[in-house]
Structure formats: C-alpha cells, structure tokens
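Just so you know, the protein sequences line up as chains A and B, in that order.
Okay, so the first sequence: first residue is 1 according to our numbering, each after it adds one.
Okay, so the second sequence: first residue is 1 according to our numbering, each after it adds one.
The set of hints was computed from the structure by calculation and includes no laboratory data.
Take every hint as true, because none was put in to throw you off.
All copies of an identical chain are treated as equivalent in the list; a pair is satisfied when it fits inside any one copy or across any two copies.
Straight-line Cα separation of at most 25 Å, DMTMM-like style, residue types lysine to aspartate or glutamate; simulated pairs:
#, residue 1, residue 2
1, LYS266, ASP49
2, LYS245, GLU211
3, LYS233, GLU167
4, LYS245, GLU167
5, LYS24, GLU145
6, LYS117, ASP230
7, LYS245, ASP49
8, LYS233, ASP171
9, LYS255, ASP49
Protein chains: 2
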Amino acid sequence: MTLLTLFSPAGVLVRSAPLTLAAKRLKALGFDVQIDAAARARHQRFAGDDDMRLDALHRIAAAAPSIAMATRGGYGFTRLLDRIDWKAIAHSIAHGTRWVGHSDMTTLQLGLLAQPKLGADAITWAGPLAADDFGRSEDAGGVDEITRDCFLEAMSGALEAVGFRTEPGFDGLEARGTLWGGNLCMVNSMLGTRYFPRIKGGVLFLEDVNEHPYRVERNLLQLHQAGVLDAQKAIVLGEFSAWRKAPHDRGFSMKTVVAHLRTLTKTPILTGLPFGHVPTKVTMPVGARVTLLVDGRNVLIGWEHRHAGGPAHDHVHAHAAHA
Amino acid sequence: MTLLTLFSPAGVLVRSAPLTLAAKRLKALGFDVQIDAAARARHQRFAGDDDMRLDALHRIAAAAPSIAMATRGGYGFTRLLDRIDWKAIAHSIAHGTRWVGHSDMTTLQLGLLAQPKLGADAITWAGPLAADDFGRSEDAGGVDEITRDCFLEAMSGALEAVGFRTEPGFDGLEARGTLWGGNLCMVNSMLGTRYFPRIKGGVLFLEDVNEHPYRVERNLLQLHQAGVLDAQKAIVLGEFSAWRKAPHDRGFSMKTVVAHLRTLTKTPILTGLPFGHVPTKVTMPVGARVTLLVDGRNVLIGWEHRHAGGPAHDHVHAHAAHA
Chain A
1 MTLLTLFSPA GVLVRSAPLT LAAKRLKALG FDVQIDAAAR ARHQRFAGDD
51 DMRLDALHRI AAAAPSIAMA TRGGYGFTRL LDRIDWKAIA HSIAHGTRWV
101 GHSDMTTLQL GLLAQPKLGA DAITWAGPLA ADDFGRSEDA GGVDEITRDC
151 FLEAMSGALE AVGFRTEPGF DGLEARGTLW GGNLCMVNSM LGTRYFPRIK
201 GGVLFLEDVN EHPYRVERNL LQLHQAGVLD AQKAIVLGEF SAWRKAPHDR
251 GFSMKTVVAH LRTLTKTPIL TGLPFGHVPT KVTMPVGARV TLLVDGRNVL
301 IGWEHRHAGG PAHDHVHAHA AHA
Chain B
1 MTLLTLFSPA GVLVRSAPLT LAAKRLKALG FDVQIDAAAR ARHQRFAGDD
51 DMRLDALHRI AAAAPSIAMA TRGGYGFTRL LDRIDWKAIA HSIAHGTRWV
101 GHSDMTTLQL GLLAQPKLGA DAITWAGPLA ADDFGRSEDA GGVDEITRDC
151 FLEAMSGALE AVGFRTEPGF DGLEARGTLW GGNLCMVNSM LGTRYFPRIK
201 GGVLFLEDVN EHPYRVERNL LQLHQAGVLD AQKAIVLGEF SAWRKAPHDR
251 GFSMKTVVAH LRTLTKTPIL TGLPFGHVPT KVTMPVGARV TLLVDGRNVL
301 IGWEHRHAGG PAHDHVHAHA AHA
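Turn these sequences into a full structure, and let the hints guide you.
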C-alpha cells in the first residue's frame, strides 16, 4: 500500500471533521493513510506553534512517505522559511516522497525550487489539500471527480499531462520550460527574498482567492516590474475566485486585468487552467520540465515521468472534455 | 497666497462632495486652492485612464505649485510607475513643490526615492489626503485638528519635528537616518523591482488598513527576509486599522505580530506613530534625514529645514499631549 501522510504546516484545522472524512475517503481510494501527530494541534490561528509545525515537517521528511499532503493552507510557512532544512525535504523527494498541496504550500514549493542545485529533488506537486478537497461534505458537493482522478493518476506516476481549454488566439503555441508558480499572493510574498526562485524560460501558473482583481493586477504588475513575466515562456492563469465586486469597479474585472497585462508583456498569458481555490483542480509537478502545447483552444501541459516505469500515453487528463 | 493643487492619481472619487468640501476648507485655511482639471475624471475604478492620470501628474510637476495634494488613494500609481517622468517630479521639488499624501501615494514617494542621485529633490510629504482628511463631513467628525495643524506647520516650513508616545523599553534610543516608508502593502508591492529604494540605516515607518494582522505579519516577514528590517536604524509603526478579527485568531493579534518580529530583528520596532488610515495623522518629510529620539516613552522625530528660514524650536507637534 502507498503510504500517505497528512500534516498541517500552516493554519489551524478549525473543525476536525473534514480531516477525518478526508482520511476515510483517501483510505477508500487505497492509500495507507497516516495522520501526523500534530495535524490537529492548535496555537493561536496556527496548527501548532512554529516549533511544532517545523518538527512535523522534518519528521515527515525523515520518514519519507510516498505522499505528504497538507491538510489545509492558511498562513504559516512564511514563519518557517528561515528554519526549514531544505536538504531534508530534497532528500525525502529523492526517496520518492511527493509533497502535495496548494495555497500556502506554494511557499514550501517555491522556497525549495530556490535552493541551488537540487534538480529533480526540488519537484513537488501542486494539487489538492486534504481537508479542502477530500474533506468536503456531501452537502457541499463531496469530492470532485476530476480532482480525485487526476490526483490518483499523478500519484501513481501514470499521469503525464493535463489538458484544458483556453481562449482563442494561442493555436500552435509551444513552450518548454520549468513549471512553477502557485498562489499569486504567496509567489509575490517571496519577491525580493532569497526564497524566490529565479526561473528563466519557465511556465508560470498562478491562482488566487478572496483577492479583488485590482489586487491581482497589482501583484501581476509587480511580477512584471520585477522582470519575472518577460522572462517566462508562458503564463497560465488558474481560477481567481471568491472576490466581491465593488460598486465603483464599472467594468474593471479579471478580464480587463488580463487584457492590460497582455499589453505589457510579450509572454503569452493563457487562461482556463483548472486550478485554484475551487473544487476542480489538476495535480501537476512544480519544478518539472514541461512542454505546453496549444492546438486550437486545447492546451496540454505534459511532463516526463520520473518514478514510473514506461510511458503511458493514454493517461492525459483532458479537463476540456469535462468543462 | 500659497498655491495648493488637488489631483487624483489613483482611485476614482466616488462622490464629488468630499473634494468640494476639502477645497472649501483648505481655502478657508488660507491656501489658493486649484482643483486639477482631471481630478473628478472617471474610468473604471480609476480617476481617469492611465494617460489622463499620468498627464495630470506631469502637468502639476511642470506647474510646480507650492503644494500638490492627492485627493485620495486607492489603486493606480502602480500602473503608472514605468511611465513617470521622475526628473520632472524632482524638478518640481527643487522648485519648492511639496507632494503630499499617503496610502497609494507611497508608490510615488518610494519610486522617487529609488531614483539615483536626487538627494533633497526626492523629498515628499507623508500626510493627509484631501477627500479623506479635509473632506470628512461634520457628521463623521469633521477635520481632525492635529492633522490640520501639523499639516499647516509642515507646509509653512515651520514644523521641524513630530512627537508621540510609544511603549516602555526604548528610553534613550537615538537613531539618525533617512525617513521612509508609508503604506505597508504598497511598500511590499515594490519589493524586487527597481522602484524599491535601497535605504540603509533609515527610519522606516509603516501603516496599513483593512489588512488582518496575519497579512501584516507576512508583509513584515517579507521585509525581514529581504534584509530590509535589519538594515534600518529604527522601525516605527503607525496605525493598522479597520481589520476584522477571525473566530480562530485565538490570541493572534497586532500585539503578537510585533512581539514576533522583535524576536527576529535587532532593529528597534516602536509603535504609536499617529499615522495611517485614521483621522489623526502627522505630516512628515519622506526621504529627509531625521533624528529619532526617545525620552522615557516620548518619541521625537525631527528633521532639518530646507525651504524655511531659521530654526523654530517651538514648532514641535507633540501628539503625546493630545493622546
């Protein structure tokens, strides 16, 4: 059985039920689920104080389970950055651990990518969070099937690409580079520090939640003014969800934000990636070399296997078919 | 009469009344008030499109009034950064213009400070915004007297220091350096770009509004991880206002944020500066050399005159007396 450890690196689990439900469902999917001893810890708004959360991180890195999935995001990794044993994290990856999550997990994922000379040992997985995605009650819609299936195939090593539909205008685009990114606020929260990975020619994916488009635009402009956008081969936008219109927006929206950014950088900005703080999300390898291909409005982001055996050309998660 | 021009560099003036009221009150205070032609312009959520707002900025710089005060903040300067004629702004300052405001104005103020070799021609004024501070209706409390008096003395050139009370523990502290800072979100929104001023040994002041303490802490940690906090002689915190507690904060607060930061940097972090998105705020010269002195719990931030005649030792705005 595949050992899957659940841990809480950031925000406190306000309720215990979603974690219990997630563990039950992940067991039913065939995983040997282990809940880290401190996963339900509480200190202020955190899942345990900094020492506890850091200990959990290093404990899991040392145990090197097949999968290490965060229970939820929130705020927390930023406080740990200066004390993380990056070599221990990389070591666990070399031994087969797939670190999975999004939101605050972006901080761990990019901090690791910013460490020099790790190569494939810096690859982590942008994907579901246990409580948010596998702990969603049936009343709230239960587990999203695409999220579940894509995660399962990614973890088994079978998945080699994700697909989705984008806007017209990118037919024939081909981009090859390092896949990186995650939550926009977290990406920007590392700018100017040694934890911001200096990736040239990459494929940068971004999402956010509860951020008005003017804040999204300000963050994207900062990335532009920092030279980050121009240095990429492609930018892929996921979902920007749960923000509220202001009465004086008068036409200002995510659409105008994307249109404005497109006037500033020549790097193609694609929308439509099923990723973010929404039920349907793909699982993708952060730090891996990927090839992005656009055929008509169909986008394919493909990567090479690392731990899996041979190629598995039929394992492409074409979200377009479901959208 | 002293010419005071009001302009809108960022967010749209949703209502016209506060600007009209501000102009009337500033006239009554003895200023020759001019409202820029585009101050009431509207484009989406902005006070005119980028070209209009940029034209207004350069028009005012060319006219070089004694005072150029923003009507309000919002979001807008970030979009203009790459197109601002910094020499024109510096030129207006050399001719006596005092640019005044806070919030989004921080972007202009720090962007100017980041320009090389401007010296005193990069000095602007952190202080009131016309609509927010001079346009407040009588029902909402009217104009704050301290804000008004401090602004008047700063603009006349008479003011040479501001004072306030801080927490115990800093008695005898003395710090000399460049005063800089402003709105924390805006300060951080420039990190990693060429608009972030690389100031060593400065006195950094910060405030914010509508930001939960966890977001304030994340921004402060970013400044720390970027090496900015350690490089300063002192950090002075203004008001962090209008945020809402979350049920799971459980003791996490601005107090714990400040306490945590104090464990990470040796730079003294003082609280209590009357500045921010609150009625009572001092007016201070951003980019000026200041001396910060603490006597017991009384803090004095003093600067040297530039345009005024001789020293005026009685013109100290000791907010402590009012607090």
